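Colleague: When we follow the numbering used here, the leftmost residue of the sequence shown carries the number 367, and every step to the right adds one.
It is possible that some hints are incorrect.
Claimed, not checked - Okay, the calculated beta carbon distance ranges per label pair:
| id | residue 1 | residue 2 | range |
| --- | --- | --- | --- |
| 1 | S551 | R385 | 27 to 35 Å |
| 2 | W370 | M456 | 36 to 44 Å |
| 3 | L419 | N392 | 33 to 41 Å |
No wet-lab data here; the hints were simulated from the structure. If you're wondering where the values come from, they're calculated on a predicted model, not measured in any experiment. Glycine included, C-beta positions come from ideal geometry on N, C-alpha and C.
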Amino acid sequence: MPAWPEISSSLYGVWRLARRDPGGMNYLNLSVDGFWQSFFAALLAAPAYVIILLVQRASTAEEATWLPDISSYLLGWICWPLLALVVTRMLNLSQNFIPYIIAYNWANVLHINFLLPIAIITHGGVMPDGMAVVLSLLATLAVLLYMWWVARVALGATTGVAIGFVILDVLLGFLLSRGTDALFS
Numbered sequence: 367m368p369a370w371p372e373i374s375s376s377l378y379g380v381w382r383l384a385r386r387d388p389g390g391m392n393y394l395n396l397s398v399d400g401f402w403q404s405f406f407a408a409l410l411a412a413p414a415y416v417i418i419l420l421v422q423r424a425s426t427a428e429e430a431t432w433l434p435d436i437s438s439y440l441l442g443w444i445c446w447p448l449l450a451l452v453v454t455r456m457l458n459l460s461q462n463f464i465p466y467i468i469a470y471n472w473a474n475v476l477h478i479n480f481l482l483p484i485a486i487i488t489h490g491g492v493m494p495d496g497m498a499v500v501l502s503l504l505a506t507l508a509v510l511l512y513m514w515w516v517a518r519v520a521l522g523a524t525t526g527v528a529i530g531f532v533i534l535d536v537l538l539g540f541l542l543s544r545g546t547d548a549l550f551s
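Construct the complete structure from the given sequences, taking the supplied hints into account.
Modeller: What follows is the structure in structure tokens.
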């Protein structure tokens, strides 16, 4: 588990990245040790993720088990780095794999917590359904742009390569979600 100064520095770094400041990378521990410690971000993001699931479930009448969602969440933290490792090697970007995963992991804390109030607003009946859909789409677009920026800066990649990483990440998330739904239903 990383010490509090590293956690706060990392979160500050990804906040700076969210503000389109590439200097945010300077606040991350970009060592191999920092790579492993960045997976602590999964624990930091988990409460917001669970609350989002609760809010989404409260707005629907269907009963659902937690196992597919939790499995998909955990598998995402394992499978994406493995896929990213393969892709960075194929693209001769492997020297930036560790910084990318470190930034990506910590950025997930920020993006999941950003989506929490959006989920509460859109699923809580605070606004008309049409406006809720628009807000959800805008929030999703903001997260995708943020993750594109993280990929572009941390990988030192072109716009197209960074877009490709975001698309692969979204596709993997979709496949994990559908796969765990099918497995546990």
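Colleague: Decide, hint by hint, whether the structure agrees.
Modeller: The hints, checked one at a time:
no.	hint	in the structure
1	S551 - R385: 27 to 35 Å	41 Å, violated
2	W370 - M456: 36 to 44 Å	37 Å, holds
3	L419 - N392: 33 to 41 Å	34 Å, holds
Violation of the numbered hints given earlier is confined to hint 1; every other hint is satisfied by the structure.
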